[in-house]
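Q: Residue numbers (the working numbering), protein chains in the order written: chain A, 1 to 434; chain B, 1001 to 1434; chain C, 2001 to 2434; chain D, 3001 to 3434.
Simulated from the structure, these hints should not be mistaken for lab results. Treat the hints with care, as some may be off.
No more than 25 angstroms apart at the CA atoms, straight line, and that leaves these computed lysine to any residue pairs for SDA-like [unchecked claim]:
(1) B/Lys1092 / B/Leu1143
(2) D/Lys3187 / A/Asp112
(3) D/Lys3092 / A/Gly95
(4) C/Lys2187 / C/Arg2118
(5) A/Lys169 / B/Asn1166
(6) D/Lys3092 / A/Glu246
(7) C/Lys2074 / C/Leu2154
(8) B/Lys1092 / C/Val2258
(9) B/Lys1092 / C/Pro2419
(10) C/Lys2187 / C/Gly2326
(11) D/Lys3187 / D/Glu3232
(12) B/Lys1169 / A/Arg115
(13) B/Lys1187 / C/Pro2375
(14) A/Lys92 / A/Ala321
(15) D/Lys3169 / C/Asp2271
(16) D/Lys3092 / A/Lys92
(17) D/Lys3092 / A/Asp251
(18) C/Lys2092 / C/Gly2326
(19) D/Lys3169 / C/Thr2084
(20) C/Lys2169 / C/Lys2074
(21) C/Lys2187 / C/Ala2373
(22) D/Lys3092 / D/Arg3082
(23) D/Lys3169 / D/Arg3082
(24) B/Lys1127 / B/Pro1048
(25) D/Lys3092 / D/Lys3169
(26) A/Lys92 / B/Trp1188
(27) B/Lys1169 / A/Glu246
(28) C/Lys2092 / B/Arg1244
Stretch-level coverage of chain A by chain D, calculated; a stretch enters the list once three of its residues show a Cβ under 8 angstroms from a Cβ in chain D [to be verified]:
(29) 256–267
(30) 370–380
Short, incomplete list of chain B residues facing chain A, as computed with Cβ under 8 angstroms [unchecked claim]:
(31) Thr1038
(32) Glu1040
(33) Asp1041
(34) Gln1102
(35) Trp1164
(36) Asn1166
(37) Pro1167
(38) Leu1168
Cβ atoms here follow ideal geometry from the backbone N, Cα and C, with glycine treated the same way.
4 protein chains.
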Amino acid sequence: MWSASAVDQHTPEPGVGSLAEDYLSVRHTTEQICNPLTAEDQMVQSMPDASPSKWHQAHTSWFFETFILRPFLKNYRPTDDRYTFFFNSYYKQLGGHPVRAQRGLWSRPTLDEVRRYRQHVDENMMKLLEAGVPDDVAALVVLGMNHEQQHQELIVTDIKHALWTNPLKPAYRERAAAYSGDAVPLKWIEHNGGESLVGYSGDGFSFDNEGPRHRVLLHRFGIASRLITNGEYVEFMRDGGYSRPELWLSDGWDAVGVNGWRAPFYWVERDGEWRVYTLNGERAVHPSEPVCHVSFYEADAYARWAGTRLPTEFEWEVIAARAPVGGNLLESGQLHPSSVRSPAEARGTPELPIQPMQLFGDVWEWTASPYIAYPGFHPATGVLGEYNGKFMCNQMVLRGGSCTTPTSHIRATYRNFFPPHVRWQFSGIRLAHD
Amino acid sequence: MWSASAVDQHTPEPGVGSLAEDYLSVRHTTEQICNPLTAEDQMVQSMPDASPSKWHQAHTSWFFETFILRPFLKNYRPTDDRYTFFFNSYYKQLGGHPVRAQRGLWSRPTLDEVRRYRQHVDENMMKLLEAGVPDDVAALVVLGMNHEQQHQELIVTDIKHALWTNPLKPAYRERAAAYSGDAVPLKWIEHNGGESLVGYSGDGFSFDNEGPRHRVLLHRFGIASRLITNGEYVEFMRDGGYSRPELWLSDGWDAVGVNGWRAPFYWVERDGEWRVYTLNGERAVHPSEPVCHVSFYEADAYARWAGTRLPTEFEWEVIAARAPVGGNLLESGQLHPSSVRSPAEARGTPELPIQPMQLFGDVWEWTASPYIAYPGFHPATGVLGEYNGKFMCNQMVLRGGSCTTPTSHIRATYRNFFPPHVRWQFSGIRLAHD
Amino acid sequence: MWSASAVDQHTPEPGVGSLAEDYLSVRHTTEQICNPLTAEDQMVQSMPDASPSKWHQAHTSWFFETFILRPFLKNYRPTDDRYTFFFNSYYKQLGGHPVRAQRGLWSRPTLDEVRRYRQHVDENMMKLLEAGVPDDVAALVVLGMNHEQQHQELIVTDIKHALWTNPLKPAYRERAAAYSGDAVPLKWIEHNGGESLVGYSGDGFSFDNEGPRHRVLLHRFGIASRLITNGEYVEFMRDGGYSRPELWLSDGWDAVGVNGWRAPFYWVERDGEWRVYTLNGERAVHPSEPVCHVSFYEADAYARWAGTRLPTEFEWEVIAARAPVGGNLLESGQLHPSSVRSPAEARGTPELPIQPMQLFGDVWEWTASPYIAYPGFHPATGVLGEYNGKFMCNQMVLRGGSCTTPTSHIRATYRNFFPPHVRWQFSGIRLAHD
Amino acid sequence: MWSASAVDQHTPEPGVGSLAEDYLSVRHTTEQICNPLTAEDQMVQSMPDASPSKWHQAHTSWFFETFILRPFLKNYRPTDDRYTFFFNSYYKQLGGHPVRAQRGLWSRPTLDEVRRYRQHVDENMMKLLEAGVPDDVAALVVLGMNHEQQHQELIVTDIKHALWTNPLKPAYRERAAAYSGDAVPLKWIEHNGGESLVGYSGDGFSFDNEGPRHRVLLHRFGIASRLITNGEYVEFMRDGGYSRPELWLSDGWDAVGVNGWRAPFYWVERDGEWRVYTLNGERAVHPSEPVCHVSFYEADAYARWAGTRLPTEFEWEVIAARAPVGGNLLESGQLHPSSVRSPAEARGTPELPIQPMQLFGDVWEWTASPYIAYPGFHPATGVLGEYNGKFMCNQMVLRGGSCTTPTSHIRATYRNFFPPHVRWQFSGIRLAHD
């Protein structure tokens, strides 16, 4: 069984291990995440947006094979030439890929064959890396590792949905419940606005959509010290939140009606009590835990009900830029957002009298910002230009990572993005005000 | 690996073995059919009409548990009470069942658990049968065995579709191609019409929809001595069969347009040659083999093009009633329709100067008869009344069994039924004329 | 305003008027039916199955133009060559027609232009008919007249749906309510079965699908003396008719769920009272009137609930063959089914001690017979072969005409057909038993 | 027939006429636009996004009745209380409205009744206005007038689609073609960036979404002096623009595939020549006219192909703020975008050496800006808060008005918004670069 401590040992620490060591560590984590799952579990695609764990394992290997081994390893012999088409996700310039919604129909290659495929790719990657690679190839390897980390998060997110779809509601694994004490009071961190620099700078890895670093003009604002809790969200529900159109965006109100939303995803009411399906099985909703699995529409409606609004992605970033990365991330092994541990955690410093909490981990935080390009942004030329840029429409930016995000993968400038109706991600709410 | 000879040894011969032996034989055949399949293969539901092999194995066990063990075996302890809901197919009076199209999402129970479920049911059935059962319970056991045989056929039919959906087009098993000689000439067996008795009589098993036996008035007709071959069907295609609206029923013409039909299902044209996917993999279309995987609409259009028509189910039955059951059925192990073996096979007798060939096995034969109740038919009261009667609308009758039908399961009065657009069944064409 | 008496004067009586007089009479009736409707009303297509009144008026003219004037009137000059395509309904061999569901989008040609089109066709038809036509052309003219009568019924049926779709629920016309007394008792007319002749014989007009006349073998049966009333149907509803799966065909049960059926179409419950929308506006449901606007599924479920069944089309026909055509048909001007007028109506004769009532008019009666070809049926060659034959699949036969059927159009051998889920037709229930 | 000059006389000039005169002028223009249309034309709803002209005429009256007459005119007697529900478009807080897609089914109220409804509203509005109204009511009247102007534009846009849907392709009116000379060269207007003020200021009317006025930080950019022409867009098409995935946003590429886009909407290729449907009928595409009826996806792909990008809404606004409102707007009567008239038009001034052309009128210009709230924006409380704010998601901002926009309705700060796939609006392309 996968244990958090095992993961900890292998988390790539940029600059610590060699590239080859880091590579193996990332690959190993993927397999650990899949370990509690049977071959059958790894087949399930419970909706078109999600993918089977087996597919994630194969596709991440395909990424290294397609973009690194084929062009850069002399005499590389692929496992199966048909995989080039078979495990392509969405790179149109490669000449085609299977229909996304059919990934769950593929019993072949079997999980054993996919494992051999991973091994084959790893062996050849080692051959390449041990011989040493030029900087541009090394950059591609690091991109592939970050790509695989994104899929680690998706494996967890998608298997949660897959197992929940099963009427037997099996758990991903049994585990003692996380700590859940009382909620700490919500405070407001005020910011005077003005010109600020946003976007990535530094010499580590970042995605192309985090740059170019540029100046933005912020207006005076306040941002909440912590996430909105289940208890607070239940107040919204009790106050008719899901039946008052004046609280909702037009598309959001339509989504409420079409989908019959009346609570966060994974919640179910039994005998008057709200219960929630987690990766450890179903249990009561704990009031002090951050509300999770809400859409942007719900986050926005909640904020309007509360007389506030969601922060923009830059308001979030300038606050988060001052905070160290850490919290309830993948390595905690919780796989569920957790309450603020203790009042001590909330204690401020002279510089920052009110401490921002839960910025990293727990839940991805919906922002008020549509996902668009930064000024001067140009996607890479060639196939890898399709990685991020082509999705810059109809999606909203989320910030901060969740309890399923690897620690080494997240940072203050990181921009995640999903369409506003999506609920199967670990997504939650932080408020702001003018 | 599953071998035809192994199946032969266990085929239930009514009246030969004891009920317990017959029961075990049927159950064993199901497992043999599934043997070449991995747990992952047995997960696949490639369309809502089809079901995963694992589900078929579980549902057939559920049938015995629900209708025999629970009511009749004292102190029976079910494996899991949730299975009552979980593996119900369509019996509404039992209070609900899962959405059919989601059967492929269920990784749990695992294949191993389903196998244990089968074993548990078998052990308890043995307990019951060895103690001796009254006639009404014995009748239910035989119904359950016939029910399981229907699902044996569906396992083969559905896994063919499942594996074909996979871009890698894997075979169910490798096997030498069946004999395929030249086609024998098509002759016409003439019948003078008049009053005839149709429907089951005898003291063996039959389904409720095969009765009551009753008189029908036939008009003078002729029926073809053999099935239509691929070669003949290609002539229809070459003559613009799929692009001439005057040959088609209105709904059929719509189906051609919406689905883009231009050949039987599983056919693909490569470099000007028609090839076909079979359970042994893809190979060239053999002209003398019976055309297979055509819809009722295509069968009807072919008949119209040929200046003929399809037989009614009663025309078919009065001819078949004179012929012994036999041919290319499940036990042949071909799993594909085959040509008439030799001219000798076609040789007539004084009583029947033109020998009807391929009546049983090879392909289910579309008839011109909508599936409706016989005069005086009443479905059983209670839940099992839902078995056949409630489907008597919008479907057409097929007769004769296919290469995937167990020999002991088929007879001249047997009525199969499918909607007219369906193509994934092993269904073909026999002509008739006035 | 259209009055019933005006219609009476012009009803074509075969053999009475000349062909030209009959032609004009039929054409005139169409226009009378449309008279209460504005140009805007005549635009509405409230669902793909229905058509705008303006389209019906144009398409019936197109029929005469396409099949008679163009081939047989020398130097005929069409109004607009584009109408050949524009007003084709479904004749595929003519090379195409607009998408059916878009008929309601065509503001041009305007109603005035369509009226001029009708006039142009009429003037040219008169030119042709006054010069005298050979028998085969005369037969086409009579076919065109019967075709137009079918569309007269559809104009009424479709405009009912169109006006009902409007939240203002306007009436087609204001009119005093029809007589609605108490229901007369339902009795059973018994028949001994045996061989009977069915299908049209005679030298008047009949559709191709009414022949060839042929022998059928009937089994002993009984048929109800009158239609099922609203009051009786309400009993079925109160007894949980719409929530008991055991009463329904599988496809019917699905239709109940998907469409949320819980009463006949056009019924609405207000303050605990069932009310019905009629062409004269909304009013209370009268218990003694025949139930109307039910699907085959509902008719079948009602019969099962009542411990009976629907008659076959031949059982209906042998009874109806002995009865004169008459009753609440189009010329009554009711446009709604009506109660049996008085007990006197139900009085039998020595030959037929129990009088069958309401066989013609009021509502089309669903039969248990799928719509298929009679033995030896061959559709006409050429385009007009598409008239009836190509619909012989997935539909059920209805018999007897309704309150919207012209009297001269109906007879005992007449076969109407609709898919089993359809409810906007004036369709009702007559029971039978074994 | 509606003539441009007639419109000119009645265009409301803020500050010139009295409120009552302005009101009547706006109302009159609506009726002039509808004049060339029959009652049948005014029924057509050719897709759910569009509405019938009759509905637009009624809904704009409903706006005055609902928000002004009912609350503020003592003893006001409405025409029909059911209209409150019937002609509500999307104001959820009013308690419901009909399904949008069914507006084309309503033959009642007839056009004559709607005209009487307009007259009734006008008479009562006159009563109110002549008595004098306080400022807050006057503001609502001006909002209602601007609301009606938006619907004037939609009437033109929607009737174009409605008539085009008709296979006969009728023209809205016959009119001599607009001038179309050669294209003037495209030049770049450079801007140094820096902080700028955007959003409405002044004491005229503006929509709530144009404020609050606030500072934004612009980065150095250039913007094109004129719109992209058909000739330039054809170059993109010839260079494989619609078949090169690297040019498209992911959602855009999907839209190309699903809809089969290969040219702007209303274009059709006949014998190798591109032709275009206009409100004056079909004619050849003129190369120097601005390309029109393209989606945001096409505008974005064109810009990428050209090595440029679309401007942000603020880049557009700071340039437009220096230009007077004028150009090919509704009052020109062209109802189609037109070429830059002459090189003289392009002549610069010392202050602005390169003259921006076609900023107002011709086509709405897609910007790179998603439609979101300005900092500090709060929608009005109450029902009218639904006017703009609830649509701030999944839409893109368009600027500048089109050839169907009333002159008095547009200004530099005006924000129009549509989803990125929409093509039936008069929408086109202006380029920018970093």
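Q: For every hint, state whether the structure bears it out.
A: Consistency of the hints with the structure:
For the suggested pair B/Lys1092 and B/Leu1143, the alpha carbons sit about 19 angstroms apart, so the restraint of at most 25 angstroms is met. For the hint linking D/Lys3187 to A/Asp112, the alpha-carbon distance of about 61 angstroms lies beyond 25 angstroms, and the restraint is violated. Proposed proximity of D/Lys3092 and A/Gly95 is contradicted: the alpha carbons are some 47 angstroms apart, above 25 angstroms. Among the hinted pairs, C/Lys2187 with C/Arg2118 is inconsistent with the structure: their alpha-carbon atoms are about 48 angstroms apart, more than 25 angstroms.
A hinted pair counts as satisfied when its Cα atoms are at most 25 angstroms apart, and A/Lys169 with B/Asn1166 does not qualify at roughly 28 angstroms. Distance check on the hinted pair: D/Lys3092 and A/Glu246 sit about 8 angstroms apart at the alpha-carbon level, within 25 angstroms; holds. Our distance criterion of 25 angstroms between C-alpha atoms is broken by C/Lys2074 and C/Leu2154, whose separation comes to about 32 angstroms. Between B/Lys1092 and C/Val2258 the alpha-carbon distance is near 15 angstroms, which keeps this suggested pair within the 25 angstroms criterion.
Our distance criterion of 25 angstroms between C-alpha atoms is met by B/Lys1092 and C/Pro2419, whose separation comes to about 24 angstroms. Proposed proximity of C/Lys2187 and C/Gly2326 is supported: the alpha carbons are some 20 angstroms apart, at most 25 angstroms. Among the hinted pairs, D/Lys3187 with D/Glu3232 is consistent with the structure: their alpha-carbon atoms are about 14 angstroms apart, no more than 25 angstroms. Only pairs whose Cα atoms come within 25 angstroms are accepted, and B/Lys1169 paired with A/Arg115 is accepted, the gap being roughly 20 angstroms.
Our distance criterion of 25 angstroms between C-alpha atoms is met by B/Lys1187 and C/Pro2375, whose separation comes to about 22 angstroms. Our distance criterion of 25 angstroms between C-alpha atoms is broken by A/Lys92 and A/Ala321, whose separation comes to about 36 angstroms. At roughly 49 angstroms between alpha-carbon atoms, D/Lys3169 and C/Asp2271 are farther apart than 25 angstroms, so this suggested pair is violated. Note on D/Lys3092 and A/Lys92: the hinted pairing is violated, with a Cα-Cα distance of about 42 angstroms set against a maximum of 25 angstroms.
For the suggested pair D/Lys3092 and A/Asp251, the alpha carbons sit about 13 angstroms apart, so the restraint of at most 25 angstroms is met. For the proposed pair C/Lys2092 and C/Gly2326, the alpha carbon gap of about 37 angstroms is over 25 angstroms, so the pair is violated. For a cut-off of 25 angstroms, the pair hint linking D/Lys3169 to C/Thr2084 stands: about 16 angstroms separates their Cα positions. Annotation: proposed proximity of C/Lys2169 to C/Lys2074 is violated, straight-line Cα distance about 48 angstroms (limit 25 angstroms).
For the suggested pair C/Lys2187 and C/Ala2373, the alpha carbons sit about 32 angstroms apart, so the restraint of at most 25 angstroms is broken. About 16 angstroms separates the Cα atoms of D/Lys3092 and D/Arg3082, which keeps this hinted pair within 25 angstroms; it holds. Distance restraint check for D/Lys3169 and D/Arg3082: the Cα-Cα separation of roughly 36 angstroms exceeds the 25 angstroms cut-off, and the hinted pair is therefore not satisfied. At most 25 angstroms may separate the alpha-carbon atoms for a hinted pair to count; B/Lys1127 and B/Pro1048 exceed this at roughly 36 angstroms.
Distance check on the hinted pair: D/Lys3092 and D/Lys3169 sit about 37 angstroms apart at the alpha-carbon level, beyond 25 angstroms; violated. For the given pair, A/Lys92 sits about 56 angstroms from B/Trp1188 by alpha-carbon distance, which is inconsistent with the 25 angstroms threshold. For the given pair, B/Lys1169 sits about 53 angstroms from A/Glu246 by alpha-carbon distance, which is inconsistent with the 25 angstroms threshold. Between C/Lys2092 and B/Arg1244 the CA atoms are separated by roughly 9 angstroms; this keeps the pair inside 25 angstroms, and the hint holds.
For the segment 256–267 of chain A, the stated coverage by chain D is not satisfied: 0 residues place a CB nearer than 8 angstroms to a CB of that chain, which falls below the threshold of 3. Judged by the Cβ-Cβ criterion of 8 angstroms, the segment 370–380 of chain A is covered by chain D as claimed, because 5 of its residues qualify and three suffice. The beta carbon of B/Thr1038 is positioned within 8 angstroms of a beta carbon in chain A (closest approach about 6 angstroms), and the interface hint is therefore held. Among the interface hints, the one on B/Glu1040 holds; its C-beta lies about 4 angstroms from the nearest C-beta in chain A, closer than the 8 angstroms criterion.
At its closest, the beta carbon of B/Asp1041 sits 4 angstroms from a beta carbon of chain A; the interface hint therefore holds under the 8 angstroms criterion. For B/Gln1102, the shortest C-beta to C-beta distance to chain A is roughly 7 angstroms, which falls under 8 angstroms, so the interface hint holds. The closest approach between the C-beta of B/Trp1164 and any C-beta of chain A is roughly 10 angstroms, which is over the 8 angstroms cut-off, so the hint fails. At about 5 angstroms, the closest approach between the beta carbon of B/Asn1166 and any beta carbon in chain A falls short of 8 angstroms, and the interface hint on this residue holds.
Hint on B/Pro1167 holds. Least Cβ distance to chain A is approximately 6 angstroms, under the 8 angstroms limit. A least Cβ separation of about 5 angstroms between B/Leu1168 and chain A falls short of the 8 angstroms threshold, and the interface hint therefore holds.
Consistency note: the structure conflicts with the earlier hints numbered 2, 3, 4, 5, 7, 14, 15, 16, 18, 20, 21, 23, 24, 25, 26, 27, 29 and 35.
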